[in-house]
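S.K.: Residue numbers (our numbering), protein chains in the order written: chain U, 1 to 323; chain P, 1 to 395.
Possibly wrong hints are sitting among the right ones.
Claimed, not checked - Capping the alpha-carbon separation at 16 angstroms, the derived lysine to aspartate or glutamate pairs in EDC-like fashion look like this: (1) U:Lys31 - P:Glu277; (2) P:Lys290 - U:Asp188; (3) U:Lys242 - U:Asp188.
Stated by the list, open to error - Derived list of chain P stretches under chain U, where covered just means 3 residues or more per stretch with a C-beta under 8 angstroms from a C-beta of chain U: (4) 281-288; (5) 357-365.
Note that these hints are calculated values from the structure, not bench results.
Each residue gets a CB set at the ideal place from its N, CA and C atoms; glycine is no exception.
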Amino acid sequence: MKVSTAILTSALCLGFALPAAANRVFVSNEKGNDVTVLDSETLEVIGTYPVGARPRGITISPDGKELYVCASDDDLVRVFNPETMEEMHTLPSGPDPELFVLHPSGNPLYIANEDDNLVTVVDTQTHKVLAEIPVGVEPEGMGVSPDGKVVINTSETTNMAHFIDSESFEIFANVLVDSRPRFAQFNDAGTKLYVSSEIGGTVSVIDPATQEITRKISFEIPGVLPEAIQPVGVRVTSDGSKVFVALGPANRVAVINGETDEVEDYLLVGQRVWQMAFTPDEKYLFTTNGNSNDVSVIDVAALTVVKSVPVGQQPWGVVVAPN
Amino acid sequence: MKGRIIILLAGLSMANPALAQDSPDAQTVRAAVLRVDVPSLPPISRLDAPPQDLGFAGARLAIEDNDTTGRFMGQDFEALEVTATPETAAAEMDKLLAEGIPFIVTLADDAETLALADQAGDRALVLNARARGDHLRGKDCRFNVIHAAPSHAMLADALAQFLMWKKWPNWFLVAGSHPEDVALADAYRRAATKFGARIVEARTYEDTGGSRRSDSGHVQVQQQMPVFTQRAPAHDVLIAADENGVFADWLPYATWDARPVAGSAGLVPRSWAPSLEAWGATQFQNRFEKLAGRPIREEDYQTWIALRMIGEAATRTQSTDPATLKEFMLSENFEVAGFKGQKLTLRDWDHQLRQPILLATGSVTASVSPQDQYLHQNSALDTLGFDRPETECKF
Numbered sequence: 001m002k003v004s005t006a007i008l009t010s011a012l013c014l015g016f017a018l019p020a021a022a023n024r025v026f027v028s029n030e031k032g033n034d035v036t037v038l039d040s041e042t043l044e045v046i047g048t049y050p051v052g053a054r055p056r057g058i059t060i061s062p063d064g065k066e067l068y069v070c071a072s073d074d075d076l077v078r079v080f081n082p083e084t085m086e087e088m089h090t091l092p093s094g095p096d097p098e099l100f101v102l103h104p105s106g107n108p109l110y111i112a113n114e115d116d117n118l119v120t121v122v123d124t125q126t127h128k129v130l131a132e133i134p135v136g137v138e139p140e141g142m143g144v145s146p147d148g149k150v151v152i153n154t155s156e157t158t159n160m161a162h163f164i165d166s167e168s169f170e171i172f173a174n175v176l177v178d179s180r181p182r183f184a185q186f187n188d189a190g191t192k193l194y195v196s197s198e199i200g201g202t203v204s205v206i207d208p209a210t211q212e213i214t215r216k217i218s219f220e221i222p223g224v225l226p227e228a229i230q231p232v233g234v235r236v237t238s239d240g241s242k243v244f245v246a247l248g249p250a251n252r253v254a255v256i257n258g259e260t261d262e263v264e265d266y267l268l269v270g271q272r273v274w275q276m277a278f279t280p281d282e283k284y285l286f287t288t289n290g291n292s293n294d295v296s297v298i299d300v301a302a303l304t305v306v307k308s309v310p311v312g313q314q315p316w317g318v319v320v321a322p323n
Numbered sequence: 001m002k003g004r005i006i007i008l009l010a011g012l013s014m015a016n017p018a019l020a021q022d023s024p025d026a027q028t029v030r031a032a033v034l035r036v037d038v039p040s041l042p043p044i045s046r047l048d049a050p051p052q053d054l055g056f057a058g059a060r061l062a063i064e065d066n067d068t069t070g071r072f073m074g075q076d077f078e079a080l081e082v083t084a085t086p087e088t089a090a091a092e093m094d095k096l097l098a099e100g101i102p103f104i105v106t107l108a109d110d111a112e113t114l115a116l117a118d119q120a121g122d123r124a125l126v127l128n129a130r131a132r133g134d135h136l137r138g139k140d141c142r143f144n145v146i147h148a149a150p151s152h153a154m155l156a157d158a159l160a161q162f163l164m165w166k167k168w169p170n171w172f173l174v175a176g177s178h179p180e181d182v183a184l185a186d187a188y189r190r191a192a193t194k195f196g197a198r199i200v201e202a203r204t205y206e207d208t209g210g211s212r213r214s215d216s217g218h219v220q221v222q223q224q225m226p227v228f229t230q231r232a233p234a235h236d237v238l239i240a241a242d243e244n245g246v247f248a249d250w251l252p253y254a255t256w257d258a259r260p261v262a263g264s265a266g267l268v269p270r271s272w273a274p275s276l277e278a279w280g281a282t283q284f285q286n287r288f289e290k291l292a293g294r295p296i297r298e299e300d301y302q303t304w305i306a307l308r309m310i311g312e313a314a315t316r317t318q319s320t321d322p323a324t325l326k327e328f329m330l331s332e333n334f335e336v337a338g339f340k341g342q343k344l345t346l347r348d349w350d351h352q353l354r355q356p357i358l359l360a361t362g363s364v365t366a367s368v369s370p371q372d373q374y375l376h377q378n379s380a381l382d383t384l385g386f387d388r389p390e391t392e393c394k395f
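If we strip away everything but chain U, and leave its shape as in the complex, we get (with noise of 0.2 angstroms):
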């Protein structure tokens, strides 16, 4: 990205596709209710976009032709031009969703309503609701197994990891795991599904096989109250060896082993860190700072923080461009 300044903003006013030498980087403000996006190889702010009224999860096709944003309070899920950044349409969500999981596929995809205990489902091609799920009090987590066939939703008052059959859209199994489940996450391998508990301070590891609980991961930082150690967002690298957990008060991601679930280290980041996204080469992770309204930028392979960058009003989700 050796653009000057002034032609990429340029280039963005007339809605010009950018080179595709980096990957883009998308941050939810949920306070702010816009998105900041930026480039993945300068770490610099590209340009900062309304999306509606608090967007909290984001996401992307796997193609990168289309952006998701959770735009809570409009109760509906819009859909962005990832280059532009230009609204081309929404897509029905039922009330306040807040966090969603692509199919593998990028169709169809699957909202947790958190003020209505819904999980919806919907065809992202002819943006109709293909079904609602029952689920538990307050949904957040979403879920799917690297083979599409099981989406997993986290309710996080009733304190459940629900299976959820992708064929026929049934509950089939109910794990228990500590209070307020916030985050569902696969590894590649689909071996290994990790749930954090943000008030139980704890990561359920789960056998989806068996849907039982392997390990409970717990943390302890020197200084830092127990209380404040909060897991929320998850991250697991495509081998599978590296685990990524939020803390978020506690401002630290931890790193988990992945072979044998034990922790490694704990890197220091920004103030109430939340979500988290690699780029696709997994050079770096990005990490959303609520409290602090920065992103932390993350060596994957060096597991050190480079670099923090100031982005919107509280920052929530975050999501990087696959090409």
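Given chain U, put chain P in place with the hints provided.
M.R.: Chain P alone, transformed into the frame defined by chain U:
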């Protein structure tokens, strides 16, 4: 609400969770909410007029929440809503006990709560969702009572921590003349000693009656306040202890010296405030407001958390047996989430629910105690209220 969920499930024909399903043989956990209403004058502000469903709306939300989880556990929850006067409270309690209701949430004053607890004895677990008196957690503690409502000491300590952080250690304490006001003032005296503040003067505002709003718009109490607060020694803040809402709301902007007001007006320590947004509270406020059509009150939150404790115990033990639930709630493994940013647990020495205390002004939650600077060897929450070595409670 149970009916609605069954219809929803049937309508979508996807009712097959593995653990269990809402079915005729679902096990029911029965509870009741007993609210004892004392006739009183209207509050100073019309915004504070008690709604008809005070506390009950919190119960309804808790039962919805418990039932939604119960759907996956084969458990069903119900809470009878009973209102009583001080004259009829004992009779209503008798009816509930005769029906064999094992969990009774009470919304009553200190004396009534104690009387009801003793009446229940070992026949029911009483969950106190209103009474704040420290003696109920001290010399008058009862083994069959769990306190979901925070105590006077917790509220006073929460405010004291903030005022010390703010470097406002000199307090002018103004208390009402009712026994609860005197008790609350004592809690502030204790907090001052505990955290190193100084009460430069304590003054009593006598409730002579007839001090509420008048049709003419002239408000006598308001006009008394400047003179009433005159000639106090130098102070940083005025703390009002007015449990009955007689005068405190008239203090801000009317004090003789230009000093902020805290306590029963101004910056108020509370178990809950409708302004709180952090820790998922926005969703909780939304769900409550959708159900009740009004902002939430402390009594609603305290009733909600009391019934959620029962629901959480039922989920974790996978049981609906009252004895099992009681045992688990009082065990060290019990914890419940209450949208306050950390797990809430019970103190085994007095059955008080540990909880952060919000410091709220009318429109915002200004701070939440415990303040970070106050450390504790076990739980920072135990810097609020009576800690184990201080308790006078003997079960």
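S.K.: Does each hint fit the structure? Answer for all of them.
M.R.: Here is what the structure says about each hint:
1. U:Lys31 - P:Glu277: It holds: about 11 angstroms lies between the C-alpha atoms, which stays within 16 angstroms.
2. P:Lys290 - U:Asp188: Given pair P:Lys290, U:Asp188 is violated - Cα atoms ~40 angstroms apart, limit 16 angstroms.
3. U:Lys242 - U:Asp188: holds (12 angstroms)
4. 281-288: holds (count 3)
5. 357-365: violated (count 0)
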